[in-house]
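Student: Chains as they are written, first to last, in our numbering: chain A, 23 to 519; chain B, 23 to 519; chain C, 23 to 519; chain D, 23 to 519.
Please keep in mind that the hints were generated in silico from the structure rather than gathered at the bench. Check before you lean on any hint, since a few could be wrong.
The list treats identical chains as interchangeable, and a pair is accepted whether it falls inside one copy or across any two copies.
[Said to hold, decoys possible] BS3-like mimics (lysine-lysine), calculated; alpha carbons at most 27 Å apart, straight line:
1) K199 to K47
2) K190 to K48
3) K270 to K235
4) K291 to K343
5) K491 to K240
6) K274 to K190
7) K262 to K190
8) K60 to K190
4 protein chains.
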Amino acid sequence: MNENIVLTGSDMTIDQFVDIVRKNKKIEVSDEKWEELKQARQLVFDLADQGVPIYGFTVGVGWNKDKRVFSKYFAEYNRNLIYAHCVASGEPMAQEHVRAAMLARLATFLVGKTGVQPELIDYYKEFLNRGIHPVVPWDGSVGQADIATMSHIGLAIIGEGDVFYKGKRMPAEEALKLENMEPLELGPKDGLAIVSTNGQAAGLGCMLLADIKKLITKANILYALSLEGLDGNVTPLNEKVNLVKNLKGQIKCSNDIRKHLENSYLNKKEITKKLQDPLSYRDVVAVHGAVLDSVDYVQGMMENHLNTTEDNPCILLDERKIISCANFEATNWALGFEMLGLALGHVSRMCAHRTIKLANPEFTGLSRFLSPNEGEVQAYQTIQKHFTALDSENRHLANPSTLDFYAVAGDIEDHANNTVQIMKRLTKMMDNIYNMMGVEMLHAAQAVDLREEITLGNDSKKLYDALRKQVRFLDKDRPLTFDIEKAKAVFMSDEWL
Amino acid sequence: MNENIVLTGSDMTIDQFVDIVRKNKKIEVSDEKWEELKQARQLVFDLADQGVPIYGFTVGVGWNKDKRVFSKYFAEYNRNLIYAHCVASGEPMAQEHVRAAMLARLATFLVGKTGVQPELIDYYKEFLNRGIHPVVPWDGSVGQADIATMSHIGLAIIGEGDVFYKGKRMPAEEALKLENMEPLELGPKDGLAIVSTNGQAAGLGCMLLADIKKLITKANILYALSLEGLDGNVTPLNEKVNLVKNLKGQIKCSNDIRKHLENSYLNKKEITKKLQDPLSYRDVVAVHGAVLDSVDYVQGMMENHLNTTEDNPCILLDERKIISCANFEATNWALGFEMLGLALGHVSRMCAHRTIKLANPEFTGLSRFLSPNEGEVQAYQTIQKHFTALDSENRHLANPSTLDFYAVAGDIEDHANNTVQIMKRLTKMMDNIYNMMGVEMLHAAQAVDLREEITLGNDSKKLYDALRKQVRFLDKDRPLTFDIEKAKAVFMSDEWL
Amino acid sequence: MNENIVLTGSDMTIDQFVDIVRKNKKIEVSDEKWEELKQARQLVFDLADQGVPIYGFTVGVGWNKDKRVFSKYFAEYNRNLIYAHCVASGEPMAQEHVRAAMLARLATFLVGKTGVQPELIDYYKEFLNRGIHPVVPWDGSVGQADIATMSHIGLAIIGEGDVFYKGKRMPAEEALKLENMEPLELGPKDGLAIVSTNGQAAGLGCMLLADIKKLITKANILYALSLEGLDGNVTPLNEKVNLVKNLKGQIKCSNDIRKHLENSYLNKKEITKKLQDPLSYRDVVAVHGAVLDSVDYVQGMMENHLNTTEDNPCILLDERKIISCANFEATNWALGFEMLGLALGHVSRMCAHRTIKLANPEFTGLSRFLSPNEGEVQAYQTIQKHFTALDSENRHLANPSTLDFYAVAGDIEDHANNTVQIMKRLTKMMDNIYNMMGVEMLHAAQAVDLREEITLGNDSKKLYDALRKQVRFLDKDRPLTFDIEKAKAVFMSDEWL
Amino acid sequence: MNENIVLTGSDMTIDQFVDIVRKNKKIEVSDEKWEELKQARQLVFDLADQGVPIYGFTVGVGWNKDKRVFSKYFAEYNRNLIYAHCVASGEPMAQEHVRAAMLARLATFLVGKTGVQPELIDYYKEFLNRGIHPVVPWDGSVGQADIATMSHIGLAIIGEGDVFYKGKRMPAEEALKLENMEPLELGPKDGLAIVSTNGQAAGLGCMLLADIKKLITKANILYALSLEGLDGNVTPLNEKVNLVKNLKGQIKCSNDIRKHLENSYLNKKEITKKLQDPLSYRDVVAVHGAVLDSVDYVQGMMENHLNTTEDNPCILLDERKIISCANFEATNWALGFEMLGLALGHVSRMCAHRTIKLANPEFTGLSRFLSPNEGEVQAYQTIQKHFTALDSENRHLANPSTLDFYAVAGDIEDHANNTVQIMKRLTKMMDNIYNMMGVEMLHAAQAVDLREEITLGNDSKKLYDALRKQVRFLDKDRPLTFDIEKAKAVFMSDEWL
């Protein structure tokens with residue numbers, strides 16, 4: 023058991039991707055693939071020998087594509103190329119994010135259209151397997167290949183710069199020594215191949231997809247609890263009425279939430295007088311469903327990305343050609359993630375509105391701000407500033423960035439996608455939403471406690487219990503800042519799932 | 023021939039939708055469907071008789087859902103409901119747009135989950151067939167059902183308000199008389215059904231999908247011409263190198279453009295020295311392809327919309343139930359169209375950058391600003407302000423609006439999608455892009471004329487010829503405002519396609 | 023009486039500006055100024071004779087600044103320059119806007135730093151005095167001098183293109199003939215001077231300043247009426263409590279509103295139980311005051327603009343020099359108007375929230391949605407969609423555009439301000455706010471009518487009466503679309519002021 | 023010397039503010055002021071005794087304003103009020119920022135309209151003087167008083183929560199003990215007064231104003247160096263040509279830059295052939311000047327804020343009244359800071375464009391990307407991705423947030439300004455600009471080194487020398503990530519100023 027994952031260059035899934043990044047699953051490469059990578063490498067040399075000009079190999083990159091590179095300078099040129107592309111700033115990315123970036127590049131290397139020395143690919147694999155995580159600053163990419171940041175992985179491979187290793191930051195050289203590895207000597211095209219990849223953004227994006235899906239899974243359970251807090255209407259969860267709408271995500275959400283609410287007192291009520299709850303409740307199946315459908319679309323794009331080429335020029339082994347192309351363009355998924363940012367924006371707004379309703383006697387029939395004693399305890403009043411402030415920040419973060427770029431490199435690079443910034447924004451949005459849902463959970467549990475003896479659904483009960491282990495009923499005012507922190511931690515944890 | 027289109031409520035396509043709206047194809051409804059609509063109607067009455075409270079039928083709508091409606095007031099209540107929902111302002115929508123709105127509602131009526139009197143549905147069909155187009159102001163919907171605007175269609179149906187008919191604006195009453203139709207007397211639930219639909223946004227959206235697809239078709243031909251103007255590199259169009267990327271849209275674009283360039287001098291060139299053109303040229307297959315893939319995703323959403331229910335409550339005929347639900351939510355396609363806005367933003371930016379390059383000797387080897395005589399003719403210099411200004415406006419229009427809404431109706435309606443505003447923005451973006459592409463075309467044709475005798479591709483030649491019929495070579499400065507107008511008209515016309 | 027306004031080039035105010043544009047006040051130029059303009063003209067020739075290279079005179083403009091212009095081609099070069107700068111598209115600007123654009127340019131001509139032939143300046147004056155209004159399309163400027171649009175004024179001056187004249191669109195040549203004017207022959211530097219001006223944006227901006235100030239004047243009266251509708255609290259209008267805050271705009275607003283409410287029943291109430299009204303009421307003095315303070319800041323910028331130079335190069339008559347400079351930069355007021363866009367955004371949001379409150383029994387003590395009969399009349403329910411939709415559009419229009427521009431003209435023009443687009447957005451926002459305030463007025467008047475006999479304030483009474491002349495009490499549901507249109511017209515009219 | 027600063031409640035300046043925050047200048051309060059504060063306190067008790075309902079004193083706050091507070095519960099009620107308002111999350115603010123927040127609140131306390139116990143005010147003073155800095159999380163305020171965050175200062179004052187003290191984080195109780203201070207017992211109105219302040223945003227804003235002014239001071243020196251690197255034109259700096267434009271900021275910038283360039287080789291050149299440099303150079307005086315003018319406007323607002331009241335209700339000592347008001351509204355400066363965000367956006371874009379030009383032989387006459395050896399050293403090529411990525415992030419950060427808020431607290435608090443989020447965005451923009459200007463400096467110094475022996479201006483020389491002490495000439499490629507970090511540190515340091 024705990025067997026290695028064998029990578030083939032053609033069938034990586036997001037789930038597998040996350041397992042390797044987060045669970046540190048060990049990986050290896052199939053022998054067939056290894057053979058193919060060697061042949062691709064040989065082809066590049068053959069073509070160069072025939073005098074075909076090859077971008078980043080026999081001629082320079084960017085505006086310098088009119089400059090010739092001579093073979094005696096290959097090693098130096100490629101080391102310099104790495105140096106010249108280490109142009110970043112800002113906080114180091116989390117190790118998890120660096121792993122994702124390396125894996126995203128490893129995946130496209132394995133497609134076999136790059137033509138680098140196979141040893142280079144092996145270093146990516148080994149860095150992942152051995153937990154050597156180069157220090158990669160966040161900022162520097164315009165999202166048209168993350169050349170200014172992914173270069174820092176190359177820097178570590180040649181034994182320079184810093185890495186995180188076994189919990190410490192140290193010179194790359196030292197970590198390599200501890201693992202009995204030598205710095206790699208780069209050959210022709212290796213430098214370009216290291217930097218010319220959307221690995222940073224793609225890696226972050228793959229993690230986000232998994233995280234958004236899990237968020238919706240949890241948000242559906244939380245919604246079940248909130249609906250119980252509100253004493254709301256379950257008819258919008260009806261199986262048939264959702265089936266006829268024929269939207270995959272909506273059908274899944276309604277099925278899941280009905281399951282979460284099994285045994286809930288909500289199912290046993292007389293026909294409710296409140297024919298229609300506020301939309302932030304009634305429409306959850308549709309909105310969360312729309313998020314899942316969007317994720318589905320983008321996941322298709324990303325799995326295609328991981329299993330096809332992003333290289334320019336592109337090696338066509340069968341045809342023994344190397345061709346200039348646009349296969350590094352990320353517009354398709356840049357657009358997809360911008361859409362997901364707006365999708366998260368809707369999740370955020372719905373959450374804020376649901377939470378406001380839980381504090382309003384008109385909708386709950388409970389006390390104002392869920393106070394256990396309206397005259398004396400202010401309870402969940404001011405907290406409305408807190409979570410609506412976070413939602414407003416989310417509104418700001420949902421503004422697009424994909425259209426803002428310059429024409430650089432002598433006006434030649436006049437298109438970009440800002441994919442890294444998109445991922446940065448969405449990562450922050452997720453954090454805000456965890457926070458907000460923690461607060462919704464505080465409200466929902468308080469509302470449940472304020473009701474007469476009620477029976478919770480099977481799954482909403484688990485969430486309620488998990489929260490109550492950390493945060494007790496609000497019987498008198500206390501600094502909620504600490505409750506918020508704990509609630510967020512509970513919501514982010516997977517233990518209660 | 024020119025047979026009627028028989029609508030079934032389950033298989034409407036975007037192409038069919040556009041045919042009915044633009045080509046005034048006559049429509050009819052299948053007999054089976056008619057029967058089903060009658061049964062659905064009967065069910066509503068049966069349930070009401072059993073005392074089931076029905077939203078918009080036996081009880082009020084919105085915050086007034088706690089008010090009871092008595093049967094003797096059905097006609098009056100429903101007329102009043104139409105009145106009370108006519109709350110819009112702004113320019114009247116174009117007749118084409120009104121047709122689209124009516125058809126979008128007709129389509130979801132035909133799904134059979136509404137329970138209105140079948141005669142009402144017939145009026146939508148007849149208005150389309152006879153060209154009776156109610157005056158519907160643009161502004162009033164928050165895109166959570168277009169209740170404040172779609173009501174104006176109901177107003178015409180009861181013989182009030184104005185319509186456009188045979189080229190004139192006149193009172194609805196008058197147009198009905200000319201067509202020997204009576205104003206319809208509304209029954210219970212009819213009022214709600216008329217207004218409670220996303221028809222305005224959905225209709226506009228369906229038209230946009232068709233228009234964006236056609237835009238890309240044309241933009242690919244224009245790109246072929248521009249590439250000839252630039253004397254650019256065709257390798258990024260290579261079949262195999264695009265196939266390996268495995269993106270449907272990109273494969274289609276590269277195939278199409280190669281076809282457009284058949285017989286072009288570009289195919290006959292020696293291996294170019296310019297190994298890599300600017301990205302605004304090199305990446306067109308990827309960016310236009312990404313647009314097509316996005317359209318594809320949204321088209322799936324819209325065709326599902328047209329062929330499933332958007333009604334709340336929803337009639338389930340088999341189960342003899344009427345159920346409160348969220349099936350009117352448009353978040354899934356609201357997100358999709360926001361994505362398309364950003365997609366159009368990329369199309370716009372690429373066009374602007376391509377056009378700038380055509381005026382730059384460094385990229386074309388031609389004169390500065392494509393002047394026929396640099397010392398005396400200023401040619402395409404200042405025009406860069408024009409088309410970059412339009413692109414800047416597009417950048418602004420691409421800002422999202424889906425997240426900006428209020429909690430209204432006593433805080434119950436606390437979610438919305440702003441779909442109509444999204445469509446308004448995209449419609450304006452399209453117009454700007456037509457303008458910009460007209461200008462790109464002026465540049466491309468001028469560049470082509472400035473080259474030594476060259477042979478154009480089969481399709482780019484057609485575009486070139488179509489332009490040159492309207493706008494002649496710029497031999498000396500003349501007010502380009504008029505050339506721009508003509509070029510836009512040529513580009514928008516389908517004659518040369 | 024009705025004497026001409028004598029322009030001096032140094033003391034134009036916004037009020038004067040608006041009088042000339044809207045009231046068609048006749049203008050003349052002082053003799054001293056005329057003499058100075060001749061001297062400036064002579065200086066340019068003297069310097070050119072000395073071989074000093076002069077931008078747009080002896081050398082080309084933009085990227086062509088390295089090209090020499092020979093004197094025998096002056097006339098042709100300058101006509102061509104006009105032609106080459108006519109590169110615009112879109113709807114023709116309103117005649118009022120064209121007048122504003124011409125006057126804005128005339129104002130900076132009169133500063134005397136341009137060095138054009140004085141006859142040219144006379145044509146601007148005469149066009150204004152005689153009502154000859156060139157057709158100027160909206161779109162084409164990036165707001166770094168409106169060269170692509172202001173050129174159309176030059177086109178008319180040389181007798182080409184179209185103009186509006188006495189209510190008709192006609193060829194410029196024809197209008198000139200009817201006025202016994204000859205087309206002007208352009209001399210050196212004239213072409214550049216005609217186009218190189220921020221006249222379009224500055225003219226629109228000056229009108230906006232006047233309009234925003236008037237909007238606040240009216241909005242304060244409307245607020246008085248709404249406060250009466252709400253039965254709200256007047257303490258926030260207290261003189262002393264506003265004085266201590268020491269903000270000019272807030273002090274003015276509180277003083278004005280107190281005056282508007284003279285004799286109102288609100289002043290005679292017992293100490294209210296509602297200690298604090300919603301902020302959309304309580305904070306009006308502060309928010310409207312902030313708008314006025316912002317306008318004040320921008321007005322200072324614009325009056326400075328009208329009375330100093332915007333020309334490059336700049337003539338320094340005293341020093342007998344002509345100097346390249348940055349005096350055409352509009353960043354200072356571009357920023358100011360972007361701020362005003364956000365200020366209008368707050369006005370819009372406050373209006374929406376006030377209107378929502380007027381329909382809510384909890385705040386008014388009146389019926390739901392101000393219905394005269396809750397069971398039967400739905401009244402102002404759905405209208406909440408209408409005005410919140412307009413506010414959402416305003417939220418979108420408040421997004422900035424000043425930072426979105428390209429590097430054009432061979433990368434030399436790598437800064438811009440997008441001033442025209444800013445003005446376009448604000449102009450549309452104003453229109454939406456007129457609409458929204460019309461709707462607020464409908465609510466306020468209805469609320470007033472629903473109260474027991476109350477006495478209105480002196481000024482709020484005038485507004486109430488003006489509305490009630492056009493729109494009667496809503497006793498039963500009727501299509502509100504028509505009421506909205508009338509209410510907007512009333513609010514925009516100045517008769518009741 | 024190093025005398026205490028005596029605060030009077032009416033004459034605090036931004037400079038003084040920064041001195042107290044950053045230089046830890048000790049403060050005291052004048053005796054007269056102390057007396058007045060006591061009288062204000064007494065007035066509140068007198069009025070309460072007369073039965074006047076006082077918000078936050080005898081009645082509750084927010085939606086609970088209809089609840090009565092009884093005097094025996096004053097201490098408990100006010101402690102609970104602090105608890106109930108501690109509802110924040112996110113990173114702790116920097117100690118400097120917490121000092122600024124405390125000082126901003128202290129300043130408005132000293133105006134004397136609050137009516138709290140004077141001892142409370144003393145704690146703010148002592149916390150500043152003794153360096154006791156409560157832990158205040160960043161997020162929680164919607165910028166309509168920062169009640170959810172400023173509460174944490176109150177928490178420390180009553181001896182709860184954590185503080186930073188002498189470099190360590192510790193319980194507030196412990197720090198108080200170390201300073202021989204007792205936790206304060208809160209009296210009536212104290213709780214409300216602690217939280218009901220815009221102190222967090224105002225404090226951050228005051229610091230930003232000082233920082234932006236210093237940024238422009240430095241940016242002008244950097245511009246001088248860049249102009250020397252470009253071999254640019256000094257005519258736009260001409261004294262007279264800037265004077266005639268009559269803009270205070272522009273005049274100052276041109277005067278300063280001329281001074282920075284004293285002795286520079288640029289002043290000794292023959293009349294340049296390049297008549298007009300790119301606008302990113304030519305227009306710096308105007309754009310930086312516009313920033314200063316904007317800062318000036320906002321500084322007036324903020325100094326007014328610090329020296330007038332922000333309290334509601336407001337004590338009017340002379341009139342012996344306490345009045346409900348809108349004096350807490352921050353719309354005036356919220357708008358101002360949004361404008362400053364766009365102003366910084368222009369600074370950022372100009373910097374990016376200037377830096378691109380320095381790498382372009384067409385503008386410098388130097389090598390491509392300032393390479394010391396074009397064939398072998400890639401130099402400043404990829405770095406264009408880095409700084410344009412930062413500028414794109416700035417473009418995103420410049421999007422406004424002031425209009426995005428909810429109606430909370432039972433719909434009563436239906437206006438807000440999001441001031442804290444505005445400050446957060448601008449603080450991040452500043453950091454990005456420091457980074458970008460560090461990179462511009464790297465370019466400028468490299469360009470200077472590549473020129474034949476040239477003499478630098480007096481001040482640009484100092485900047486050049488400061489950089490060269492940390493970063494040597496780029497003779498071959500090296501990882502620029504480290505150079506960027508050092509250059510940023512140099513630029514942020516004040517030593518070379």
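Student: Could you tell me which of the numbered hints above are not met by this structure, giving the numbers in increasing order?
Tutor: 6, 7, 8
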